[in-house]
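**Q** Given next are the chains, with one letter for each unit.
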Amino acid sequence: AQKVTQAQTEISVVEKEDVTLDCVYETRDTTYYLFWYKQPPSGELVFLIRRNSFDEQNEISGRYSWNFQKSTSSFNFTITASQVVDSAVYFCALSAQTGANNLFFGTGTRLTVIP
Amino acid sequence: ETGVTQTPRHLVMGMTNKKSLKCEQHLGHNAMYWYKQSAKKPLELMFVYNFKEQTENNSVPSRFSPECPNSSHLFLHLHTLQPEDSALYLCASSQGDGLAGGETQYFGPGTRLLVL
Chain A
1 AQKVTQAQTE ISVVEKEDVT LDCVYETRDT TYYLFWYKQP PSGELVFLIR RNSFDEQNEI
61 SGRYSWNFQK STSSFNFTIT ASQVVDSAVY FCALSAQTGA NNLFFGTGTR LTVIP
Chain B
1001 ETGVTQTPRH LVMGMTNKKS LKCEQHLGHN AMYWYKQSAK KPLELMFVYN FKEQTENNSV
1061 PSRFSPECPN SSHLFLHLHT LQPEDSALYL CASSQGDGLA GGETQYFGPG TRLLVL
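So the sequence lines, in the order shown, correspond to chains A and B. Per this note's numbering, numbering through the first sequence is continuous, rising by one, with the last residue being 115. Per this note's numbering, numbering through the second sequence is continuous, rising by one, with the last residue being 1116.
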């Protein structure tokens, strides 16, 4: 069974602060994929990143960075110098190699960036 | 960018009504998905279609009836729904066949459904 836990329900930061969103996952599969999506108020889930279980290199894309640690089953997401436009709900998701392409989502973290 | 579109964006229906949700993807993808997003619950996969064939039905009640006439269009027909079916219904597509994990899914904006 696959499970994703996002323990932070809501986070508020002041603009330009850094913020880290936590994601912990559970799976028995040795090959799996982790994703982050952003859901702004418009409702659409915007794809941010996909990582496979064999690639533990951290990734940076502009103000976004991701820290994947298999030892702690975590895939945390950091936004540096947050902006008001970053306000959204962020979802972490897991997909195992076997079975249909089912994305197992966490319950999301609502980020509010205060100007 | 409007790779995946959904209509209508908002829908209010009574429990005896019949309505349909429409999804269209303009990405040339082969697999399409319906998800349900309820308040305070994780997104739940409902159906997966691959090249028009349904490959996954996640124990969804029969009052939800999907239809995939081609690889670009996906419908969700609704009838005799319950108030607890009120939710955001999201459509997604992926390039592969949807039969194995790991494919990135691209989502539409969703249809917010209210059942009275």
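Calculated directly from the structure, the hints in this document are not laboratory data. Hints are not guaranteed to be accurate.
[To be verified] In silico DSSO-like links for lysine-lysine, alpha-carbon gap of 30 angstroms or less:
1. LYS3(A) with LYS1040(B)
2. LYS1041(B) with LYS70(A)
3. LYS1041(B) with LYS1019(B)
4. LYS1018(B) with LYS3(A)
5. LYS1018(B) with LYS70(A)
6. LYS1018(B) with LYS1036(B)
7. LYS70(A) with LYS1022(B)
**Q** Run every hint past the structure and note whether it holds.
**A** Evaluation of the provided hints:
Taken as a hint, the LYS3(A) and LYS1040(B) pair is honoured in the structure, with Cα atoms around 16 angstroms apart against an allowance of 30 angstroms. The hinted pair formed by LYS1041(B) and LYS70(A) meets the criterion: a straight-line CA distance of about 26 angstroms does not exceed 30 angstroms. For the hint pairing LYS1041(B) with LYS1019(B), the CA-to-CA distance comes to about 24 angstroms; that is within 30 angstroms, so the pair holds. Of the supplied pair hints, the one linking LYS1018(B) and LYS3(A) is violated, its CA atoms being roughly 34 angstroms apart against a limit of 30 angstroms.
Only pairs whose Cα atoms come within 30 angstroms are accepted, and LYS1018(B) paired with LYS70(A) is rejected, the gap being roughly 47 angstroms. For the given pair, LYS1018(B) sits about 18 angstroms from LYS1036(B) by alpha-carbon distance, which is consistent with the 30 angstroms threshold. Proximity of LYS70(A) to LYS1022(B) is assessed by CA-CA distance (about 39 angstroms); at most 30 angstroms being required, the pair is judged violated.
Checked against the numbered hints listed earlier, the structure breaks hints 4, 5, 7; every other hint is satisfied.
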